[in-house]
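Trainee: Sequence:
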Amino acid sequence: MKKTSDTPTFTTPQGRKIAYHLTDGTGPAVVFLGGFKSDMGGTKAVYLEDWARKEGRAFLRFDYSGHGESDGAFTDGAIGDWFEDACAALGLIAGKVVLVGSSMGGWISLQIARAMPERIAGMVTIAAAPDFTEDSMWGSFTDAQKAELAQGQVALPSDYGEPYIITKRLIEEGRNRLVLRDPLSLPFPVRFLQGTADADVDMSVALRLLDHATGPDMRLTLLDGADHRFSDDTCLTLIEQSVTEVLHAAG
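Following UniProt numbering, the numbering of the sequence shown begins with 1 at its first residue and continues without gaps.
A portion of the hints provided could be inaccurate.
What the hints assert, rightly or not - Have a look at the derived ranges for each label pair, beta carbon to beta carbon: (1) Pro117 with Ala147: 34 to 44 Å; (2) Thr244 with Gln153: 36 to 46 Å; (3) Glu173 with Ser140: 15 to 25 Å; (4) Ser136 with Thr221: 15 to 25 Å; (5) Arg219 with Lys96: 11 to 21 Å; (6) Pro8 with Glu55: 34 to 44 Å; (7) Leu220 with Ser136: 11 to 21 Å; (8) Ile165 with Pro216: 19 to 29 Å; (9) Gly251 with Gln151: 49 to 59 Å; (10) Asp233 with Glu172: 33 to 43 Å.
Claimed, not checked - Cut-off 25 Å, straight-line C-alpha distance, at most; resulting in silico cross-link-like pairs (BS3-like, lysine-lysine): (11) Lys17 with Lys168; (12) Lys146 with Lys37; (13) Lys37 with Lys54; (14) Lys37 with Lys168; (15) Lys96 with Lys54; (16) Lys37 with Lys17; (17) Lys96 with Lys17.
Simulated from the structure, these hints should not be mistaken for lab results. C-beta: ideal position from N, C-alpha, C; glycine also.
Start from the sequences and build out the full structure, keeping to the hints where you can.
Mentor: Here it is, written out as structure tokens:
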């Protein structure tokens, strides 16, 4: 997605320029965190923005550095950079937020919950992919791919277009961001959403996350036949219902 002149931006403490769209409304604000190499113009983000506008609810969507309309090269980034971008984006909003994290955005949401639980009123994850650089990527690499990565990067085929260029830094830096190895407290309403036909994030990941995290109000919903995009009408309705439920439970 090419940046347009009227897209607002802010600069993170690390000096990265981030594009965003903020809808005014009542709090807690709903914040959408997108997936790996996706952008804030995706179906789920725009659907939720439309819903929030109708509800008079504050809503934020943004692009991580190297994604969408934000500055930077995708291959220069790593999970920690995008986590820092998300934390800086929360600085645009006063008060508590409800995080809606899709795929990698689910992992980043969990990191935010660990780093600043006092900011979080609730959370909805959609095909969350915690620790995917280690468990899904590194864990499935062949010896040849690991050797290639040691030289700097390796290309992985993608169902979504061009191959993913996976850098050595992405894998190594991701090891500092893992959330499934140590206790993970989610002291607020949480709804995990997962499709049974997801070819990118297996259902076992959702079950592992539910079993690993601790919290007073955590629920996992499996949607039969839904794929990783989780963007058809049934999926979008479930996302909306889940966000509404979390907002109600959060009071």
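Trainee: So, against the hints stated earlier in the document, which numbers end up violated here?
Mentor: 6, 8, 13
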